[in-house]
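Make the full structure from the sequences, and use the hints.
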Amino acid sequence: MISEKKLNSKQRKGEVKPLNSNEAVAEAVKDADVDVVAAYPITPQTIVVETLAELIGNGELNAEMIHVESEHSALSAVIGASAVGARVFTATASQGLALMHEVLHITSGLRLPVVMSVAMRALSAPISIFNDQSDIMNQRNTGWITIIASSAQEAYDSILQAYKIAENPKVLLPVMVSYDGYVLSHTIERVETVGKSVVEEYIPKKVTWNTLDVKDPITMGTITSPEYYYEFKYAQERALEESLSVIKSADEEFERLYGRSYGIIEGYKIEDAEVALLATSSYYTNLKVATDLARKEGLKVGTIKLRVFRPFPREELYSMIKDLQVLGVIDRAIAFGQKPSGPIANDIASALQYKKDKPIIQSIIAGIGQRRMLIEDFVKLYRMLVKNMNEKKFYEESIFYGVKGIEF
Amino acid sequence: MKLEKWSDFPLGGNIKDPGNSIENDMSGWRSERPIIDLEKCVRCRICWTYCPEGAILELDKEYKTSSGRVYKVTYAVDYQHCKGCGICANECPVKAIQMVPEEVSIK
Ligand code: SF4
Ligand code: SF4
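Order-wise, the sequence lines are chains L and S.
Here my numbering is used: the first residue of the first sequence is 152, the next is one more, and so on.
Here my numbering is used: the first residue of the second sequence is 33, the next is one more, and so on.
Please keep in mind that the hints were generated in silico from the structure rather than gathered at the bench.
Warning: the hint list may mix true and false statements.
Derived pair list, reagent style DSBU-like, types lysine-lysine, alpha-carbon separation capped at 30 angstroms [unchecked claim]: (1) S:Lys-127 x S:Lys-104; (2) L:Lys-538 x L:Lys-451; (3) L:Lys-384 x S:Lys-48; (4) L:Lys-451 x L:Lys-439; (5) S:Lys-127 x L:Lys-384; (6) L:Lys-321 x S:Lys-115; (7) S:Lys-37 x L:Lys-321; (8) L:Lys-473 x L:Lys-451; (9) L:Lys-507 x L:Lys-420; (10) L:Lys-531 x L:Lys-420; (11) L:Lys-538 x L:Lys-555; (12) L:Lys-384 x S:Lys-115; (13) L:Lys-321 x S:Lys-34; (14) L:Lys-420 x L:Lys-447; (15) L:Lys-366 x S:Lys-127; (16) L:Lys-447 x L:Lys-399; (17) S:Lys-115 x L:Lys-366; (18) L:Lys-356 x S:Lys-48; (19) L:Lys-447 x L:Lys-490; (20) L:Lys-384 x L:Lys-420; (21) S:Lys-37 x L:Lys-384; (22) L:Lys-447 x L:Lys-543; (23) S:Lys-104 x S:Lys-34; (24) S:Lys-37 x L:Lys-399; (25) S:Lys-115 x L:Lys-357; (26) L:Lys-555 x L:Lys-506.
Covered stretches of chain S, as calculated for chain L (at least 3 residues, CB under 8 angstroms) [stated by the list, open to error]: (27) 58-68; (28) 110-120.
Here are some, though not all, of the chain L residues that point toward chain S, as calculated from beta-carbon distances under 7 angstroms [unchecked claim]: (29) Ile-217; (30) Ser-221; (31) Leu-261; (32) Thr-362; (33) Thr-373; (34) Ser-376; (35) Pro-377; (36) Tyr-385; (37) Gly-556; (38) Phe-559.
Predicted, not measured: the structure shown is a model, and the values here were computed from it.
Note that CB positions come from ideal geometry on N, CA and C, so glycine has one too.
This is the structure in structure tokens:
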């Protein structure tokens with residue numbers, strides 16, 4: 152939640168800039184004083200790399216920009232740089248993230264604190280350059296910490312937090328900060344930046360991981376036999392699970408210094424709600440407006456924003472939703488061949504399986520390929536969920552909201 | 033070097049003491065292991081040349097066959113590094129090497 156508290160005298164008052172989320176990310180990368188950037192331009196992420204090239208070109212950021220021929224090489228290049236102790240950054244979206252797939256596993260397996268931004272976009276075929284979340288949902292088992300930001304301000308702040316989290320010796324895992332393509336990546340917002348002093352006070356540069364060093368040589372990227380591989384993967388799973396507390400404290404310290412924090416999940420009018428809709432990224436703001444409108448109709452509804460997607464915040468989510476009757480989960484990706492078909496809905500259903508008091512989970516798919524969702528669509532969803540609750544009518548399958556030829 | 037618990041393992045599979053491959057145990061790869069019949073072996077050294085793992089050992093150890101022939105060297109297998117590929121058995125001109133299933137204990 153963006154805290155409204157007044158900054159105390161110790162807290163830094165930032166500089167306000169008009170930035171879209173892509174530019175906000177580039178600004179954060181500059182303020183984090185990153186040493187190496189390698190990226191391949193892909194819509195709708197391109198502005199990140201263009202802005203960084205400009206910042207490096209005009210001397211505002213003293214970093215090495217590596218021009219690569221693909222996203223596979225981009226991530227490989229930053230892995231190499233991270234392995235010698237550099238603070239690194241790359242950015243991608245959609246097919247580019249898919250092309251990185253095998254290297255995503257290598258990054259987390261090598262335990263390197265790489266930070267990447269993803270301007271979320273649909274996957275081919277057919278080609279769509281527009282927004283949904285199929286790209287990051289397809290990467291959910293790669294061992295990356297995944298944060299989903301819902302504004303340009305949150306994208307900026309989350310990149311700074313990402314370095315704090317990734318470089319923590321208890322974590323040493325890569326972090327992905329994602330935000331909706333176009334809706335956020337190309338929309339200009341008011342962003343308060345904190346400037347380069349962030350490196351001294353919040354993310355001081357210190358190499359906390361094992362590096363390649365001629366004076367103290369080590370071997371990286373080794374091969375393991377069946378007797379040893381499993382233990383490394385278990386260690387990775389443990390580190391990812393335990394990173395949740397580091398993510399929380401990174402957010403709390405950020406608030407102490409700069410007056411803003413976001414938490415792991417966020418609720419709006421959820422305390423006395425019977426029905427809620429859970430969404431990610433840019434949908435949350437419109438859902439809050441829809442909540443107010445539905446409340447005017449007398450519907451006891453609320454909304455939830457999921458910010459940290461990996462590690463999945465099971466307990467935090469459960470304590471927020473346990474008193475609800477119905478939780479509608481809006482997914483903007485399809486887990487093909489699974490029922491329900493929403494990946495987040497699946498995660499929530501499995502997180503709740505051993506809990507006694509729990510709401511009915513209604514999976515909803517919407518916004519595929521940036522199919523328009525208006526505030527009135529969210530109000531319609533609230534009405535439908537309340538009606539279903541009263542009639543005790545629920546669908547095991549996902550509701551594919553907005554598909555031509557299907558009525559709700 | 034024996035790693036017992038997951039928490040003993042180095043982060044990210046990094047090896048901090050380079051040059052330690054001599055200590056690596058490759059035996060987990062094998063489904064069959066080579067056994068040299070020292071009676072049949074004519075000490076031609078072809079298995080030693082062909083083994084991709086350097087797992088054939090040429091020992092300075094005399095061996096006297098049952099028919100009384102004395103060889104100055106003895107060939108043996110380093111089972112910690114042998115991956116069981118079977119190349120040595122295939123190359124041996126006198127078929128002195130036999131591949132036996134890993135479960136069969138050797139005397
Ligand atoms: S089986 Fe393969 S690895 Fe083992 S000793 Fe023969 S040639 Fe070498
Ligand atoms: S190839 Fe056969 S005969 Fe030649 S040294 Fe090896 S085991 Fe003996």
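Evaluation of the provided hints:
no., hint, verdict
1, S:Lys-127 x S:Lys-104, "holds, 20 angstroms"
2, L:Lys-538 x L:Lys-451, "holds, 12 angstroms"
3, L:Lys-384 x S:Lys-48, "holds, 19 angstroms"
4, L:Lys-451 x L:Lys-439, "holds, 13 angstroms"
5, S:Lys-127 x L:Lys-384, "violated, 43 angstroms"
6, L:Lys-321 x S:Lys-115, "violated, 36 angstroms"
7, S:Lys-37 x L:Lys-321, "holds, 18 angstroms"
8, L:Lys-473 x L:Lys-451, "holds, 15 angstroms"
9, L:Lys-507 x L:Lys-420, "holds, 23 angstroms"
10, L:Lys-531 x L:Lys-420, "holds, 18 angstroms"
11, L:Lys-538 x L:Lys-555, "holds, 23 angstroms"
12, L:Lys-384 x S:Lys-115, "holds, 24 angstroms"
13, L:Lys-321 x S:Lys-34, "holds, 24 angstroms"
14, L:Lys-420 x L:Lys-447, "holds, 13 angstroms"
15, L:Lys-366 x S:Lys-127, "violated, 49 angstroms"
16, L:Lys-447 x L:Lys-399, "violated, 34 angstroms"
17, S:Lys-115 x L:Lys-366, "violated, 33 angstroms"
18, L:Lys-356 x S:Lys-48, "holds, 23 angstroms"
19, L:Lys-447 x L:Lys-490, "violated, 34 angstroms"
20, L:Lys-384 x L:Lys-420, "violated, 40 angstroms"
21, S:Lys-37 x L:Lys-384, "holds, 13 angstroms"
22, L:Lys-447 x L:Lys-543, "holds, 23 angstroms"
23, S:Lys-104 x S:Lys-34, "violated, 35 angstroms"
24, S:Lys-37 x L:Lys-399, "holds, 29 angstroms"
25, S:Lys-115 x L:Lys-357, "violated, 42 angstroms"
26, L:Lys-555 x L:Lys-506, "violated, 37 angstroms"
27, 58-68, "holds (count 3)"
28, 110-120, "violated (count 0)"
29, Ile-217, "violated, 22 angstroms"
30, Ser-221, "violated, 24 angstroms"
31, Leu-261, "holds, 4 angstroms"
32, Thr-362, "violated, 9 angstroms"
33, Thr-373, "holds, 5 angstroms"
34, Ser-376, "holds, 5 angstroms"
35, Pro-377, "holds, 5 angstroms"
36, Tyr-385, "holds, 5 angstroms"
37, Gly-556, "violated, 50 angstroms"
38, Phe-559, "violated, 48 angstroms"
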